[in-house]
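First to last, the protein sequences are chains Z and V. Mind the numbering: the first sequence is residues 205 to 403 in our numbering, read in order. Mind the numbering: the second sequence is residues 205 to 403 in our numbering, read in order.
If you are wondering where the hints come from, they were derived from the structure by calculation, not from laboratory data. Predicted, not measured: the structure shown is a model, and the values here were computed from it. Certain hints may be false.
When chains are identical, the list treats them as one kind, so a pair holds in a single copy or across two.
[As the list claims (entries may be wrong)] Here are the simulated lysine-lysine pairs, BS3-like style, with alpha carbons at most 30 Å apart:
hint, residue 1, residue 2
1, Lys211, Lys378
2, Lys322, Lys369
3, Lys322, Lys378
4, Lys357, Lys369
Chain by chain, the residues:
Protein chains: 2
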Amino acid sequence: MKQLHRKDLFGWSEFNNERNLDFHSVLWVREEGNVLIDPLPMSEHDRSHLQRLGGVSFIVITNSDHCRDAEHIAGNTGAAIYGPAGEEDTFPVFCERWIHDNEEIVPGLIAYQMQGSKTPGELALLLEYTTLITGDLIRSHVGGELCLLPEEKLTDVNQAIQSIKRIAELPGIKAVLPGDGWPLFNHGSEALHRLARSL
Amino acid sequence: MKQLHRKDLFGWSEFNNERNLDFHSVLWVREEGNVLIDPLPMSEHDRSHLQRLGGVSFIVITNSDHCRDAEHIAGNTGAAIYGPAGEEDTFPVFCERWIHDNEEIVPGLIAYQMQGSKTPGELALLLEYTTLITGDLIRSHVGGELCLLPEEKLTDVNQAIQSIKRIAELPGIKAVLPGDGWPLFNHGSEALHRLARSL
Chain Z
205 MKQLHRKDLF GWSEFNNERN LDFHSVLWVR EEGNVLIDPL PMSEHDRSHL
255 QRLGGVSFIV ITNSDHCRDA EHIAGNTGAA IYGPAGEEDT FPVFCERWIH
305 DNEEIVPGLI AYQMQGSKTP GELALLLEYT TLITGDLIRS HVGGELCLLP
355 EEKLTDVNQA IQSIKRIAEL PGIKAVLPGD GWPLFNHGSE ALHRLARSL
Chain V
205 MKQLHRKDLF GWSEFNNERN LDFHSVLWVR EEGNVLIDPL PMSEHDRSHL
255 QRLGGVSFIV ITNSDHCRDA EHIAGNTGAA IYGPAGEEDT FPVFCERWIH
305 DNEEIVPGLI AYQMQGSKTP GELALLLEYT TLITGDLIRS HVGGELCLLP
355 EEKLTDVNQA IQSIKRIAEL PGIKAVLPGD GWPLFNHGSE ALHRLARSL
């Protein structure tokens with residue numbers, strides 16, 4: 205796995221031919237149990253790296269299109285899967301816990317429900333107030349710039365815009381790590397404000 | 205390939221198990237002939253993407269450890285390979301042209317020779333004054349931060365530091381695209397100054 209902008213954050217990626225961008229997953233290493241977010245299938249090399257970093261206790265899935273390899277990894281490791289409360293009725297994977305808006309998932313990891321995306325209540329995760337991890341709604345197709353999921357995929361454009369504006373108001377975000385597209389490791393709030401102004 | 209921070213710049217990557225980071229290559233699309241920099245092997249998908257974007261006329265190699273798939277790609281496409289003049293005597297690949305310090309390779313692409321790295325005269329390339337493309341000496345092991353090649357690999361630490369300081373003085377660099385490790389699409393000069401100050 206690749207070191208991200210902090211010593212306790214790692215990521216692994218997979219290039220997607222259809223969209224010409226990388227999909228990403230995040231590992232947060234913490235003494236009280238490591239957290240994976242939207243985990244893609246892992247190579248043997250990354251699995252062994254993960255083991256050396258303490259394995260995994262929790263898997264957070266931001267939306268039903270990002271289940272990826274979560275069920276398989278949970279089956280092999282015993283990790284508990286947490287999913288978005290807004291999708292509880294139709295979620296394709298068994299979740300031990302459903303995450304609501306403004307809920308602290310584990311200490312230091314707060315969930316925000318985004319509205320109007322392609323699924324209801326997609327989660328964006330704020331890690332220790334400075335790192336924003338997003339699912340599908342906030343993404344990056346062009347290096348250094350954030351964008352919105354294409355309009356034809358949104359269920360409600362206005363709600364989506366309001367959700368982005370709410371997230372952009374969170375102060376002091378350094379890094380934005382989208383599930384799809386380029387990560388942005390510095391000046392995250394600046395990029396979120398540019399995105400919000402452009403909508 | 206992935207769109208970088210400009211519509212005419214693309215990249216493709218390969219995760220390296222040994223270093224736990226991505227290696228990167230850059231494509232610059234231009235009417236007068238596309239340029240590849242330090243090209244890694246391409247997938248069938250990326251080769252066909254490259255063809256749709258106009259193929260390749262020139263391949264620039266920053267140093268002899270970044271020849272990667274250049275010779276093979278040149279063989280298939282007829283592209284001309286340009287290499288660093290400082291390595292002319294020992295370079296492993298035939299080059300049609302040897303690039304010197306401060307030389308304009310094609311209009312808008314200026315080479316700077318870096319000294320003290322693991323090979324003599326490694327090139328850093330400045331594209332239209334705002335995008336710096338580096339080989340091995342300037343890299344990024346931690347998201348959002350640039351670093352120097354590990355000291356044990358340098359042939360002359362002081363020369364390497366002087367080369368970095370010279371590059372950091374170039375005004376108005378927006379993006380830094382290292383051959384090894386995370387790209388940095390915004391506030392490039394700021395990160396170069398942080399690196400220079402840390403040495």
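Each hint, compared with the structure:
In the homo-oligomer, the alpha carbons of lysine 211 and lysine 378 lie at most 30 Å apart both inside one protomer (15 Å) and across protomers (25 Å), since each shortest distance falls under that limit. In this assembly of identical chains, lysine 322 and lysine 369 lie within 30 Å of each other by CA distance solely inside one copy; the values are 18 Å within and 48 Å between copies. In the homo-oligomer, the alpha carbons of lysine 322 and lysine 378 lie at most 30 Å apart inside one protomer (26 Å), although the nearest pairing across protomers, at 34 Å, exceeds that limit. Taking the shortest alpha-carbon separations for lysine 357 and lysine 369, only the intra-copy value of 19 Å comes in at or below 30 Å, while the best inter-copy value is 47 Å.
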